[in-house]
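*Asks:* Residue strings, one per chain:
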Amino acid sequence: MFITDIRKEFYDFVVNQRVALLVSSDIDALCACKILQALFHCDQVQYTLVPVTGWQDLGTAFLEHKEQFRYFVLINCGANVDLLETLQPEEDSIFFICDTHRPVDVVNVYNDTQVKLMIKQDDDLGVPSYDDIFRDEEEEGGDDSGNESDGGSEPSGKRRRYDEGEVERRIERQRATREWEARRREILFDYEQYEYHGTSAAMVIFELAWVLTKDTKDMLWWAIIGLTDQWVHDKITHMKYVTDIATLQRHVSRHNHRNEDEDNSLSIDCMRISFEYDLRLALYQHWSLFESICNSSYTSCNFKLWSMHGQKKLQEFLADMGLPLKQVKQKFNSMDMSVKENLREVIEESSNKYGMKDIRIQTFGVHFGFKNRFLASDVVHAAAALLESTEKDESPGDNFIKALDCLSRSNLERLHGGIDLAKKKLMAIQQTVASCICTNLILSQGPFLYCYLLEGTPDVKLFSKPMALTLLCKYLLKAFVRSTRNKRCKLLPLIIAAPMDVEKRTVIVLGIPPESETSDKKNFFGRAFEKAAESTSSRTLHDHFDTSIIELKMEDRTKFLDALITLLS
Amino acid sequence: MFCEKAIEIIRELHRMGDGQLPAFNEDGIRQVLEEMKALYEQNQSDVNEAKSEGKSELIPTIKFRHCCLLRNQRCVTAYLYDRLLRIRALRWEYGSVLPTNIRFHMCAEELEWFNQYKKSLATFMRSLGGEEGLDITQDMKPPKSLYIEVRCLKDHGEFEIDDGTIILLKKNSQHFLPRWKCEQLIRQGVLEHIMS
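Heads up: the protein sequence lines correspond to chains V and W, in order. Residues in the first sequence are numbered from 627 upward in steps of one, following my numbering. Residues in the second sequence are numbered from 42 upward in steps of one, following my numbering.
Worth double-checking, as some hints may not be accurate.
Unchecked claim - Restricting the straight-line Cα-Cα distance to at most 20 Å, the calculated cross-link-like pairs of lysine to any residue (SDA-like) are:
| hint | chain 1 | residue 1 | chain 2 | residue 2 |
| --- | --- | --- | --- | --- |
| 1 | W | Lys-211 | V | Thr-679 |
| 2 | V | Lys-1147 | V | Val-858 |
| 3 | W | Lys-211 | V | Pro-1022 |
| 4 | V | Lys-692 | W | Asp-196 |
| 5 | V | Lys-692 | W | Ser-137 |
| 6 | W | Lys-222 | V | Val-858 |
What the hints assert, rightly or not - A few chain W residues that don't get close to chain V, going by computed Cβ distances all over 12 Å:
| hint | residue |
| --- | --- |
| 7 | Thr-118 |
| 8 | Ala-119 |
| 9 | Phe-145 |
| 10 | Glu-153 |
| 11 | Ser-161 |
| 12 | Ala-163 |
| 13 | Glu-173 |
| 14 | Ile-202 |
| 15 | Thr-206 |
| 16 | His-216 |
| 17 | Ile-235 |
These aren't lab readings, by the way, just hints derived from the structure by calculation. Heads up, the beta-carbon is just placed ideally off N, CA and C, and yes, glycines get one too.
Build out the structure end to end from the sequences listed, making use of the hints.
*Replies:* Right, here's the structure in full:
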């Protein structure tokens, strides 16, 4: 069931209890987790935090902790699958789910006792009504037996008439049931066909903090990072992003208003969050401007930087702005002040000439101490790189801890380490995209485009992780749409496969919807993958919380693809 | 040269700095004691000789041997005392049950001493703070909050806290627990205190 008053129905419930927090591995979940942890510290709620990477992990964690905890809080996992069926909990376990995955499974919505969803209902959910999907079985049986007993007590002559009437009624009822079932299947199919994302979990938990008036600037910053993560990984539409930014902007002005009232302004070490209408260049303040332009998907795709022509256009662009190459290739902080002064406006003007209308995007930046300024997207890239780092001895649990740590202000070296890793990751993505486009690795299979990263590709280990692969996939599709001349191919979705585990010979496969200006980011590959796997009995593992990402055995790749092609044609 | 063995056992103890307890050097002590016995006997015979035959040229040798004896005695007592201090610190660090590998390093008398020390500490703690006594080995530094956040560094299995609930300590899980229950495990290195 949906929770309407998050304070009364969730927080007041758990504040005197011990809670198990099961947190999924994405940045939005990490931010939501940080905010919730801060609230729990305030009120001394004892909790245990367990990171989970997929359904199997969730199942194991639940089994291990079900004896000791009654209340479970699931962050960014658990809403889109029938939770009670998967976990088989006891009667008294209660689950509070704060998840951005949509559509929410109907069983989760209509369960009144054990599953509580911390999701706002104005989130455009479109849940089918109860009567359309569920039906009490007893009514039907009662009618039948009643009629039969009536029929039986009558004398034989009349019975025949009654029997006929009764048989007709029964046939009628059966037809009605069949119709109802067919309609139910259709409704459920429509409802569950497309997968998309809702409001950021971090923002929901921040709202809880705000309602309790325990919100701090740190929590607001985490909420901002959670929302920016959804934007960086392209999970929400632009409209939704702008709306949510406006909501957060109100909170930011509320917090900043307190600073200006005081006679003595805040010390330089205090955290200041400010609204920025800043450039869409990844990590540009921690890198050189030139590198940032080359490795951000927006600019790189618009200039087509994988071709010589594109490189020349970039040089023209820089010359047009009057930025000397030497300056632009230096670290951003060492650029001349005269160059940095109106940089954003200058770049915006020139970008308009080159067809990049929205090089600037609304976002927030934080500023504490003399040296430390970060944009929200910087932190998202850094944390994502740490979360999915492929160093040898690190388990997913270790990476989770590192990424969680880098979000605190006291762990700046961790954050800087993350930024370095993110730079490497972005460069790897750029090079892979360039090589894929230049060697025409993207093939049209009819209803979709397909790309397979061979094992020998440099940095292919980075792409065995879902978030990195998603970024690569989106970037690749944008680049492909720019570089191809085939009009039909521009409207196709893209499926990408990369080796996941060399020893177990599996590949990770994910699909993204077609690229368009007004895309609603709804992804139908989840169901498609399931059906294709079933029909070919391929060995797949649908472990990830996003149903459009699966693991598949290398040998089954071809027949799986063939099944997909037939399914989607 | 005399007293070399004594210096050797002291050096060995000194090398293991920072409160660690090396194995009890039974052999070394025995050798030192034998040396002392030999010196003493030689001294005895020389003293008798000097007294009876009036050989005053033996007196410097006697004095020399006596100094060696005193030195050996000082070294041995220093060795034993330093070990006792380290064992005492172990009670404060590990609690009343010592890990078996440390217990192997102690000789029987040291174990006896440890037990006696434990008993006196317990009696003292019981006598404080009214009827229940006060556990002064907790909260060695003044605590800032009732509950602290800890992260599990290795799989430790199940852990019971005061109200009977059991927590599963698995690697990389984080918990928010009462401070007094965690201190032991933090000292043992199973949990790590997180300050955000």
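*Asks:* So which of those numbered hints doesn't the model satisfy?
*Replies:* Violated: hints 5, 6, 14, 15, 16 and 17.
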